[in-house]
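The primary structure of each chain is shown beneath.
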Amino acid sequence: MSAIVSVKNLSKRYEGGVHALKDVDLEIEEGEILALLGPNGAGKTTLISCICGMASITAGHVVVGGHDNVRDYRKARALIGLVPQEINLQPFETVMNTVRFTRGLFGKRGGAEHIERVLRSLSLWDKRDVQIRALSGGMKRRVLIAKALSHEPKVLFLDEPTAGVDVGLRKEMWSTVAELRAHGVTVILTTHYIEEAEAMADRIGIISGGEIKLVRDKAALMRELGRKRLVIELTEPAAHLPEGMDDTPLELGEAGRELTYTYDPGGDGTGITRLLTGLRERGYKVRDVRTEQSSLEDIFVDLTAGEDRT
Amino acid sequence: MNLYAIWAIYRYEMSRAFRTMTQTVVSPVLSTSLYFVVFGAAIGSRIEEVEGVSYGAFIVPGLIMLTVITQSISNASFGIYFPKFVGSIYELLSAPASFLEITAGYVFAAATKSLLIGLIILATAYLFVDLDIQHPVWMMVFLVLTCLSFSLMGFIVGIWATNFEQLQLVPLLLVQPLIFLGGTFYSISMLPGVWETISLFNPVVYLVSGFRWSFFGMSDVSVGWSILAIIGFTATCLAFIGWIFRTGWRIRD
Ligand SMILES: Nc1ncnc2c1ncn2[C@@H]1O[C@H](COP(=O)(O)OP(=O)(O)O)[C@@H](O)[C@H]1O
Ligand SMILES: [Mg+2]
Chain A
53 MSAIVSVKNL SKRYEGGVHA LKDVDLEIEE GEILALLGPN GAGKTTLISC
103 ICGMASITAG HVVVGGHDNV RDYRKARALI GLVPQEINLQ PFETVMNTVR
153 FTRGLFGKRG GAEHIERVLR SLSLWDKRDV QIRALSGGMK RRVLIAKALS
203 HEPKVLFLDE PTAGVDVGLR KEMWSTVAEL RAHGVTVILT THYIEEAEAM
253 ADRIGIISGG EIKLVRDKAA LMRELGRKRL VIELTEPAAH LPEGMDDTPL
303 ELGEAGRELT YTYDPGGDGT GITRLLTGLR ERGYKVRDVR TEQSSLEDIF
353 VDLTAGEDRT
Chain H
18 MNLYAIWAIY RYEMSRAFRT MTQTVVSPVL STSLYFVVFG AAIGSRIEEV
68 EGVSYGAFIV PGLIMLTVIT QSISNASFGI YFPKFVGSIY ELLSAPASFL
118 EITAGYVFAA ATKSLLIGLI ILATAYLFVD LDIQHPVWMM VFLVLTCLSF
168 SLMGFIVGIW ATNFEQLQLV PLLLVQPLIF LGGTFYSISM LPGVWETISL
218 FNPVVYLVSG FRWSFFGMSD VSVGWSILAI IGFTATCLAF IGWIFRTGWR
268 IRD
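First to last, the protein sequences are chains A and H. The first sequence: position 293 = 345 (this note's numbering), numbered continuously. The second sequence: position 252 = 269 (this note's numbering), numbered continuously.
Hints listed in this document are in silico derivations from the structure and should not be mistaken for laboratory results. Hints are supplied without guarantee of correctness; some may be wrong.
Below, in silico cross-link-like pairs of lysine-lysine (DSS-like), each with a Cα-Cα straight-line distance of 25 Å or less [said to hold, decoys possible]:
#, chain 1, residue 1, chain 2, residue 2
1, H, 101, A, 192
2, A, 206, A, 223
3, A, 223, A, 179
4, A, 160, H, 101
5, A, 127, A, 60
6, A, 337, A, 280
Make the full structure from the sequences, and use the hints.
Below you can see the structure in the form of structure tokens.
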């Protein structure tokens, strides 16, 4: 696959002196959903602002669909739809007017059918003549999405689309994103909810302190960094760890009723057979066995440990 | 050239104006009518003619200028300040439109509104005084150029302003005095010598004078200077806007 957005050595220093992005490299592939996961203040919004044109670039380049976003900004920007983090809407405008406005701004005429389709798919069609101030928070957010989709972009940026949104709406947003992807739209979303990245993304980038710490295929990331735990429930509580098995990483918990074994599922052998054999030889009776996979959250906390999460 | 962007902004701004029709049209018409009643009828009847024109008629061009200038500034400054204020400016900054196109959309819309108001006031004036416009084409030229150039200035004010007070400040502290001292209600030749000279540094003098010439064929300064002044003012505003968009001053982080 080819990169539709390519960010090279991007640095951003705000006027006040904040160094919000430090030499960021990022390739976004056509058709994928990339989740940028990072704590508040990590630089997610700044990265989007530099790509889309709201913030000037201090150093580096951004290329969208083969067009430099400064030199060839018209062609680059025409490909992008942007849903900002804040609900930046004019309160007295109607839904229809504001969506049409964006389409025109992006140099497209007409498109009544397209706009109707977008509004219907976001359950906004019935509200098309309503003033924005009369809409609920969730609907306002969907208006922002409708605006971003009004000019049929190839790349959609969603900056924290589900921040402060209730569970039902969050699920709805997820399915909207899945649908967009099915239509071939590349989606980049930022979030600080790990479950969101886990639920939606093909690839996950972790950003912290203005640096991209890693970008990995989600499944690979889970495999690579996600350790597994085997929890063994014992029939009778054990007083101490099994003797003569010091080379096996075991922990005793639940007042001696559970043994936890941590292993790497991607390794050459998990050591499970040897463990279970060892236990049987030593007379331990096993009542039940279960495995647990560490979540993205653990990975995330590991990677961003020591940085303040304001 | 992204003409659709200009058109989208223009249409959007005009629909905002029609939604707030009352504020947009009724209040300037009302306040000008009051001027006519007070200055034209009540006080004007005690004032002799100014260079052969009745005082009521004499103030018409100045009154139109007064309204058109203040309206242009407030329309255009509010037009761009509001998106800044609510944050919807993000879409202007991320759109495939040049700064010139964005400016054109807002400035044309603001200028159209003030032009309409100017014409409505002119029509209102016919209710109060007898008017016979000598150079109607030039009248329109001056009117349109004034609307455009002060809308440009208003656009700059809107970008400069960081709060609503500042938005009011420029029209109040700078423009209002310039207009009132710009010969709106008098001919600057009525002023004592020193003040007449000082007045020549006021750009509004040239606008009002030229505009009044198109009505009555008489002027404080020569028409050529009036035209030069308005072109110079427009060019200054355009250059400043060009600089704003190159540097992203007060709009782009
Ligand atoms: N307009 C701005 N001016 C100065 N500093 C800013 C501006 N916007 C963001 N910052 C700073 O840049 C850093 C990154 O912010 P941001 O990109 O908003 O992070 P995120 O979106 O990941 O929460 C923060 O330290 C923030 O304070
Ligand atoms: Mg943010």
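Verification of the supplied hints:
1. H:101 x A:192: 18 Å, holds
2. A:206 x A:223: 23 Å, holds
3. A:223 x A:179: It holds: about 21 Å lies between the C-alpha atoms, which stays within 25 Å.
4. A:160 x H:101: 24 Å, holds
5. A:127 x A:60: 18 Å, holds
6. A:337 x A:280: Since the Cα atoms of residue 337 of chain A and residue 280 of chain A sit roughly 22 Å apart, the hinted pair holds (cutoff 25 Å).
When held up to the earlier numbered hints, the structure conflicts with none and fits them all.
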